[in-house]
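Q: What follows is the residue order along each chain.
There are 2 protein chains.
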Amino acid sequence: MKIGIYGYGNLGKGVERAAAQNPDMELVGVFSRRDPSTVETLTGAKVFAADRVEEFENQIDVMIICGGSATDLPVMTPRLARSFNVIDSFDTHARIPEHFANVDKEAFSTAHTALISAGWDPGLFSLARLYMNAVLPEGRDYTFWGRGVSQGHSDAIRRIPGVKDARQYTVPIAEALEKVRAGLQPELTTREKHLRECYVVAEEGADRALIEKQIKEMPNYFADYDTTVTFISEEEMKKSHSALPHGGQVIRSGKTGGGNSHVMEFSLKLDSNPEFTASVLIACARAIGRMNARGVFGCKTMFDIVPADLSPMDPAELRSHLL
Amino acid sequence: MKIGIYGYGNLGKGVERAAAQNPDMELVGVFSRRDPSTVETLTGAKVFAADRVEEFENQIDVMIICGGSATDLPVMTPRLARSFNVIDSFDTHARIPEHFANVDKEAFSTAHTALISAGWDPGLFSLARLYMNAVLPEGRDYTFWGRGVSQGHSDAIRRIPGVKDARQYTVPIAEALEKVRAGLQPELTTREKHLRECYVVAEEGADRALIEKQIKEMPNYFADYDTTVTFISEEEMKKSHSALPHGGQVIRSGKTGGGNSHVMEFSLKLDSNPEFTASVLIACARAIGRMNARGVFGCKTMFDIVPADLSPMDPAELRSHLL
Numbered sequence: 001m002k003i004g005i006y007g008y009g010n011l012g013k014g015v016e017r018a019a020a021q022n023p024d025m026e027l028v029g030v031f032s033r034r035d036p037s038t039v040e041t042l043t044g045a046k047v048f049a050a051d052r053v054e055e056f057e058n059q060i061d062v063m064i065i066c067g068g069s070a071t072d073l074p075v076m077t078p079r080l081a082r083s084f085n086v087i088d089s090f091d092t093h094a095r096i097p098e099h100f101a102n103v104d105k106e107a108f109s110t111a112h113t114a115l116i117s118a119g120w121d122p123g124l125f126s127l128a129r130l131y132m133n134a135v136l137p138e139g140r141d142y143t144f145w146g147r148g149v150s151q152g153h154s155d156a157i158r159r160i161p162g163v164k165d166a167r168q169y170t171v172p173i174a175e176a177l178e179k180v181r182a183g184l185q186p187e188l189t190t191r192e193k194h195l196r197e198c199y200v201v202a203e204e205g206a207d208r209a210l211i212e213k214q215i216k217e218m219p220n221y222f223a224d225y226d227t228t229v230t231f232i233s234e235e236e237m238k239k240s241h242s243a244l245p246h247g248g249q250v251i252r253s254g255k256t257g258g259g260n261s262h263v264m265e266f267s268l269k270l271d272s273n274p275e276f277t278a279s280v281l282i283a284c285a286r287a288i289g290r291m292n293a294r295g296v297f298g299c300k301t302m303f304d305i306v307p308a309d310l311s312p313m314d315p316a317e318l319r320s321h322l323l
Numbered sequence: 001m002k003i004g005i006y007g008y009g010n011l012g013k014g015v016e017r018a019a020a021q022n023p024d025m026e027l028v029g030v031f032s033r034r035d036p037s038t039v040e041t042l043t044g045a046k047v048f049a050a051d052r053v054e055e056f057e058n059q060i061d062v063m064i065i066c067g068g069s070a071t072d073l074p075v076m077t078p079r080l081a082r083s084f085n086v087i088d089s090f091d092t093h094a095r096i097p098e099h100f101a102n103v104d105k106e107a108f109s110t111a112h113t114a115l116i117s118a119g120w121d122p123g124l125f126s127l128a129r130l131y132m133n134a135v136l137p138e139g140r141d142y143t144f145w146g147r148g149v150s151q152g153h154s155d156a157i158r159r160i161p162g163v164k165d166a167r168q169y170t171v172p173i174a175e176a177l178e179k180v181r182a183g184l185q186p187e188l189t190t191r192e193k194h195l196r197e198c199y200v201v202a203e204e205g206a207d208r209a210l211i212e213k214q215i216k217e218m219p220n221y222f223a224d225y226d227t228t229v230t231f232i233s234e235e236e237m238k239k240s241h242s243a244l245p246h247g248g249q250v251i252r253s254g255k256t257g258g259g260n261s262h263v264m265e266f267s268l269k270l271d272s273n274p275e276f277t278a279s280v281l282i283a284c285a286r287a288i289g290r291m292n293a294r295g296v297f298g299c300k301t302m303f304d305i306v307p308a309d310l311s312p313m314d315p316a317e318l319r320s321h322l323l
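The listed protein sequences derive, respectively, from chains A and B.
Residue 49 in my numbering sits at position 49 of the first sequence, with consecutive numbering throughout.
Residue 162 in my numbering sits at position 162 of the second sequence, with consecutive numbering throughout.
Watch out, some of these pointers could steer you wrong.
To be verified - Simulated crosslink set (DSSO-like; lysine-lysine; CA at most 30 Å straight-line):
{"hint": "1", "chain 1": "B", "residue 1": "LYS239", "chain 2": "A", "residue 2": "LYS179"}
{"hint": "2", "chain 1": "A", "residue 1": "LYS2", "chain 2": "A", "residue 2": "LYS105"}
{"hint": "3", "chain 1": "B", "residue 1": "LYS255", "chain 2": "A", "residue 2": "LYS255"}
{"hint": "4", "chain 1": "B", "residue 1": "LYS105", "chain 2": "A", "residue 2": "LYS255"}
Everything labelled a hint here was simulated from the structure, so no lab data went into it.
Based on the provided sequences and hints, a complete structural model is requested.
A: Laid out in structure tokens, this is it:
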């Protein structure tokens, strides 16, 4: 299967590496908005200017779009769906119906297959919620995230005057997690589920107390949480906080008809959020290429993907090895 | 959706209760090999003689076959697939290819849809293995079972002369589980993964030391494990060991292309193995009915089921609530 990568940040680099782990995948090239001559790839993949992408219309089975959800993907995914089968990791939950409709229109009318919101949340965690809800209709879901770096919250801190760099970790609260795992179905406030740990490099002479206050009182991002702020040096930031770990768990507990209790849990512990997300995208590329070949067109989510389509094994092999 | 239950043991009773939790399911009746007048159902479902089942050919969308894997299902599922869309929970791993072929032939030639090996293992655990392998191609899988009652091992003990009743719990070894969860990818022998705890009611005057020796040395079942044998009274057996809890976890740890490690885990903690398995079968019945209506015929496994088909929610609802 021939794939392309559109956008070459952390996620695009992860896709490049993930493609190299899957012998059935051939990476045709990386498309970047930067000058291709200035972009060096990790595995020697070719780099092309993003505005030349349409020239590759018949050379790429699936294009993996590695842009941001805020402004890139709402434009890129529908546009590229006119020329390619596409996959993105759009994660702005509230705007999924709108994005889905836009992508579906373009993909369907040009006989392409598109997958939006692939990755782990949305993605594998969404699938866990779906399977768990279908199996245990009377119950309650919980999702915990972390311990992991939230890019959005780190960026929000960086926008505060006097902040040179910042890293925010979302941390699930162990006590809440224990109650949920025990099947107690607790009522939990936002504050009771997660802590926010912030590591901040302040500019010289900046008012640290003011920065800390601005972080802790920031609405939506921090005000509803117990938040810790630790000022560190630039060296310390580079040394101890340059990785992008993440993870979390989806847990559903509920009762079956005879009154018996059950707890289901899906959890991830990831050393690199972008590399793992990229690995999910590669498996999805396999499925989307196969669906397009079978004549299934339009926009899909991971809810619409037959599990067997994600695997390089053939159906008989899957049944004898994994069933 | 109109369903039937063929076989009315623990699993059949669980399906009856699970159907009552799903408003889109209508239970037409239970088919039993016993005299229907002697069978009392939990929710008042009608009971019919098993040999009258063909009369219901056009009144049931999906027949859920609740028989044993050793001798019942290899005969029942192919035969009933001639007249119905069918689901079973066939769990003899080594014979799955043969059972699949037999059921596929009958279902396909009569335009029915069949699902074999549904439940949690095989079933949800198999799905977890498939998703995890597709996403992390370089890694290692582990499956732990328990703490839970193994029916097969309990039966094996009951066949020893002098044993009146027995219950065997499979118990995962905490130390092994911890190593796997830490991503260490240990090499584990059978003995290092699970313990076997046996509770035995001996007949009066039986040689307990001999019974214990026979259990511990029984090949395949116990000889490769650390096994404990505790003799208890009949009252104690009834009081403390009449539930059928089970569960376990599928864990895969592996590395992505940049050398980062990841651990994925799916776990179940079930107070009633048959009630939970039955709940999975009901969700699968929904999917199989839908697939048949779309003209998808032949034998399938949970690997072939589009996740969205398992849910009573429509696709737009799924995207806005669970994605």
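Q: Determine for every hint whether it applies to the structure shown.
A: Hints versus structure:
1. B:LYS239 with A:LYS179: The given pair, whose Cα atoms are some 27 Å apart, holds under the 30 Å limit.
2. A:LYS2 with A:LYS105: Satisfied, since the Cα-Cα distance of roughly 24 Å is no more than 30 Å.
3. B:LYS255 with A:LYS255: violated (36 Å)
4. B:LYS105 with A:LYS255: Violated. LYS105 of chain B to LYS255 of chain A sits at ~37 Å, over the 30 Å cutoff.
The structure shown violates the earlier hints numbered 3, 4.
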